[in-house]
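Working from the sequences, and respecting the hints, build out all of it.
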Amino acid sequence: MSRKLRLSHEELAVLCEQVALVLRAGLPVHDGVEALCENYKGTRFEKGFNTLSITVMETGSLTTGFKEAGLFPDYLIAMSEIGEKTGELDVVMEELSMYYDREAANRRSIKSALFYPLLLIVMMALIIGVLVTQVLPIFENVYGSFDSGSSAGWMNVAVSFGKATLIAAGVLLLLVIILLVVIKLDSSQKVLQWLQNAIKPLRKLEQKLSAARFASTLGMMLRSGFPLEESMELIENLFTNKRLRERVSLCRKKMDDFVSFPDAVGETGIFEPLHCRMISVGFRAGQTDRVMSKLAVLYDEDVNTQIGHLVSIIEPSLVALMSVIIGAILLSVMLPLLSIMSSIG
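Note that my numbering has the sequence shown beginning at 667, numbered continuously upward.
Hints were generated in silico from the structure; no laboratory data involved.
Treat the hints with caution; some may be incorrect.
Each computed EDC-like pair below joins lysine to aspartate or glutamate, with the alpha-carbon atoms no more than 20 Å apart [to be verified]: (1) 777 - 938; (2) 874 - 968; (3) 919 - 929; (4) 751 - 740; (5) 920 - 902; (6) 874 - 938; (7) 874 - 767; (8) 960 - 767; (9) 713 - 700; (10) 908 - 967; (11) 707 - 734; (12) 713 - 734; (13) 751 - 902; (14) 919 - 933; (15) 960 - 923; (16) 751 - 896; (17) 874 - 902; (18) 870 - 895; (19) 777 - 767; (20) 920 - 938.
In structure tokens, the structure reads:
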């Protein structure tokens, strides 16, 4: 089955910004969409954008056009519908542009964090491969001419160890490549959630990303004119992350039981205690939307910091591991040589 065409986060950010500019300029939605379609002529997205243009012209609804085009994520479609209902579509589009900019930055950070370990694993596999296939056979022939049992034993150890390490490096390399492919695919949510649950640092990273997305979405909806209670009800269906959806659902139920929004958010653990106090102050001041936008930025920055920290741990660890493995292989080659030299002496 062919993969469904989707615009990247970078492309979505640019498109939302362009739509916001068109709407703020007072141009009809269809005229703006038609101008956008010109940018995608001759690309693989041309058919989808033509469908978007025709649908908007027939219905006058940008949301319906997004649905029919088949190029846009459910989140963008849902937020566009909210913008049309509230009459704040230009505000929603501008917020979506910033949201997808942040999402694109997060993805770039994650890919960058995986790229350097991948490069080190490739280097390790190449070096060990050269040692096992080119260098060790030469020493094996040399030691074989001395007819030394201990030398042959050491060489067997070196070759076996080298081959085992080469296989391990190959498996590790394959896993990293699969992970990079999974991150790129739209259907990767279940796999990524399993990885996040299985690996503690990734679990913490996922919690912060979820908090950033919740804060960003809620702030966007509040600025678009939606009441807090209705925003919480709509938000629950926007997220694909199961854990976040459960927490939002629990938070909404607490609010239905007359628990205040800051207390409900604090009890469900979506945000850290310090940030819950910020929400409490903002809620009392009637500035919940601003606090949410600020928290979205803070959590995104924290995510980038954590990714950098993980890279700073992984890179030297791989370098140290590579040094130990190569050193062990070379040592197993040199020990028989020392034994032969001492016997000659």
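Quick rundown of the hints versus the structure:
1. Between the alpha carbons of residue 777 and residue 938 the distance comes to roughly 27 Å, so the proposed pair goes past 20 Å and is violated.
2. The suggested pairing of residue 874 with residue 968 holds, with an alpha-carbon distance near 8 Å, which does not exceed 20 Å.
3. Between the alpha carbons of residue 919 and residue 929 the distance comes to roughly 12 Å, so the proposed pair stays at or under 20 Å and holds.
4. Between residue 751 and residue 740 the CA atoms are separated by roughly 17 Å; this keeps the pair inside 20 Å, and the hint holds.
5. This hinted pair checks out: residue 920 and residue 902 have alpha carbons roughly 14 Å apart, not beyond 20 Å.
6. For the hint linking residue 874 to residue 938, the alpha-carbon distance of about 9 Å falls within 20 Å, and the restraint holds.
7. A hinted pair counts as satisfied when its Cα atoms are at most 20 Å apart, and residue 874 with residue 767 qualifies at roughly 17 Å.
8. Distance hint between residue 960 and residue 767 is fulfilled; the C-alpha atoms sit about 15 Å from each other, no more than 20 Å.
9. This hinted pair checks out: residue 713 and residue 700 have alpha carbons roughly 13 Å apart, not beyond 20 Å.
10. The hinted pair formed by residue 908 and residue 967 fails the criterion: a straight-line CA distance of about 23 Å is larger than 20 Å.
11. Note on residue 707 and residue 734: the hinted pairing holds, with a Cα-Cα distance of about 18 Å set against a maximum of 20 Å.
12. A distance of roughly 11 Å separates the Cα atoms of residue 713 and residue 734; the hinted pair therefore holds under the 20 Å criterion.
13. With a C-alpha separation of about 18 Å, the suggested pairing of residue 751 with residue 902 holds against the 20 Å cut-off.
14. Restraint check: the Cα-Cα separation between residue 919 and residue 933 comes to about 12 Å, which is no more than 20 Å; the hinted pair holds.
15. Taken as a hint, the residue 960 and residue 923 pair is broken in the structure, with Cα atoms around 28 Å apart against an allowance of 20 Å.
16. The suggested pairing of residue 751 with residue 896 holds, with an alpha-carbon distance near 13 Å, which does not exceed 20 Å.
17. For a cut-off of 20 Å, the pair hint linking residue 874 to residue 902 stands: about 17 Å separates their Cα positions.
18. A hinted pair counts as satisfied when its Cα atoms are at most 20 Å apart, and residue 870 with residue 895 does not qualify at roughly 28 Å.
19. About 15 Å separates the Cα atoms of residue 777 and residue 767, which keeps this hinted pair within 20 Å; it holds.
20. Distance check on the hinted pair: residue 920 and residue 938 sit about 18 Å apart at the alpha-carbon level, within 20 Å; holds.
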